[in-house]
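Colleague: Since chain A is already given, all that's left is putting chain B on it; use the hints.
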Amino acid sequence: MSARAPAAGRPLDGGTAQLPERWERLAALARLELGEVLRSRWLLFCAALYAALAALFVVVGLRESGVMGFTGMSRVLLSLSHALVLLLPLLALTGTGQVVSRARGDGTLELLFSQPVTRADYFGAVTLVRYGALFLPLLVLMPSLAVVGSLVFGQAVPWAFLARALAASAALLWSFTGIGLAISTRVSEPDRAMMYLLLAWVLGVALLDFGLVGLMLRWNLPAAAVFALAGLNPVEMARLALLSGAEPSLGTLGPVGFWMSGNFGSDWLFAAGVLWPLLVGSGGWMMAWRRLSDGDLV
Amino acid sequence: MRVQLNDVTKRFDGVRALESVSLDLAAGDRVALVGPNGSGKSTLVRAVMGIVRCEGTVRLDGLDPFEHRTRLAARLAYVPQTAPQLGATVGEVARAVATLRGLDPADIRHTAADIHLDLDALGRRPVRTLSGGMKQKLLISLALAAPVSLLILDEPTASLDSEAREAFFRLFEERVDGATLLLCSHRLDEVRRLVGRVAAIEDGHLVLDAPVSAPEVAERLRQGAWWQDVRDRGDRDGSTLRSAPALTAGGYA
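Sequence lines, in order, name chains A and B.
Going left to right, the first sequence walks through residues 1 to 298 as our numbering numbers them.
Going left to right, the second sequence walks through residues 299 to 551 as our numbering numbers them.
One should not assume that every hint holds.
[What the hints assert, rightly or not] Per the computed footprint, the stretches of chain A lying under chain B, defined by three or more beta-carbons under 8 Å from a beta-carbon of chain B, are: (1) 106-118; (2) 268-278; (3) 285-297.
[Said to hold, decoys possible] Just the calculated beta-carbon pair ranges, DEER-fashion: (4) A:191 with B:355: 36 to 42 Å; (5) B:429 with A:202: 40 to 46 Å; (6) B:513 with A:286: 42 to 48 Å; (7) A:294 with B:490: 38 to 44 Å; (8) A:132 with B:419: 49 to 55 Å; (9) A:54 with B:471: 27 to 33 Å.
[Unchecked claim] To give an idea of the chain B side of the interface with chain A (calculated C-beta under 7 Å), a few residues: (10) 349; (11) 360; (12) 364; (13) 371; (14) 378; (15) 382; (16) 386; (17) 389; (18) 397; (19) 398.
For the record, the hints were derived by calculation from the structure and aren't laboratory data.
Glycine included, C-beta positions come from ideal geometry on N, C-alpha and C.
Next up, chain A with everything else stripped away, as it sits in the complex (with noise of 0.2 Å):
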């Protein structure tokens, strides 16, 4: 026993505990997890990028402007989007993919376990914060963008556009969010993290339907195997979805989505696109889940 008074009022059990003091729990280590990635270089990187983007949106929009005549606000978000589908998932999974593994080579899950932390406050507080580290400067960058746009170029703001390019965003961050997160906390050493990083986003970028297309050319792949690829990729379905509110078109959508278009309709194509990368988001972090909630902590 201690010869200090114990704190008051505390339930010692933390499966057990009242939601407003589990609430609190979780606001604590959000704020000490924010505190992380607000001075970490990945943040850094992140707003980099989505800098560059920002330019990338005023010189596209420049250019159309001034060479070809402007030719619309939709055109240059399109460009914004498109540049968006290889990012995102690059930003996710430097943002998630050794999060845990870090925490717990540097000892710093062992010593926050030594706090009375359930895992599950740990982990939500891990996946608010990166996630809304990854999704909350894009949901004010866009609109921004789009305004400024309107304001420069004259034109209307696409705001069902927006709207479209938003979730289509979120859905893909949240993809890899939960891949990375999987990555992080199934595999311990920084090298081989890296790698499965690395090879998760160039399969993602990498098996768009033009690429298979190629690939089916050289290596007389059948047809259902490319679209069966490309349907599975959540870059893929993600981008269709961005660009399902486009006119359908084989040269915009790639042949998969101008297929799916055709058959099934833009906003079945939009639907798609946004769930399915849900799903795989949603199946990652189940995977990265399980890993963390039973066994070893360090």
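Modeller: Just chain B now, kept in the frame of chain A:
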């Protein structure tokens, strides 16, 4: 808090870290855990904290710490040997621990002041930018601010100067009257001032469990302290090595 380990074994990917370790600490016991690097001390500490699952039984006041870790963590405090490289600031860490343990942040601030650490001045600094000694003081402040019934200290004064070490001993005696103590240390002054019993681990086995006054304990501590001295001062010309006492294999560092 009573700590009981019975026939505890732990393997990591087939590599043995602990083998059939049994140890019983009554509530209020103060025990030092000594042994060479890689002997299994950290694994034993982690088993007691419920961070790793082991074969055999570990009980804290009759509860399995792996199954009831959150509940028991509210009653124990831990000072690791080295602080994690946290990007969060000192203030953020102190506030988080205060919230998690239901403490008034002022408790942590006052405890820190007792060990010569000004939390108000350091509040905005990321923990990873602090010196080794400051980090150690912060960890001690976080651990000793809370009323607990089990303290686990892993080389708590390794990075402290003599003045801060004395402040730590004073603070310890003021704050930790009656709590069970598990101390990992090779420092003679720490062991002699803080514990009444020593348990030695080698290659995952408990090889000694005796009062600190026992002759075999004195010999082990002398060897451990000698290795500590080598580590602290270095041995560029080999003179310290030539003056070595008769040592058991492995050495303490």
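Colleague: Checking against the hints above, which ones are violated?
Modeller: 2, 6, 8, 9, 11, 12, 17
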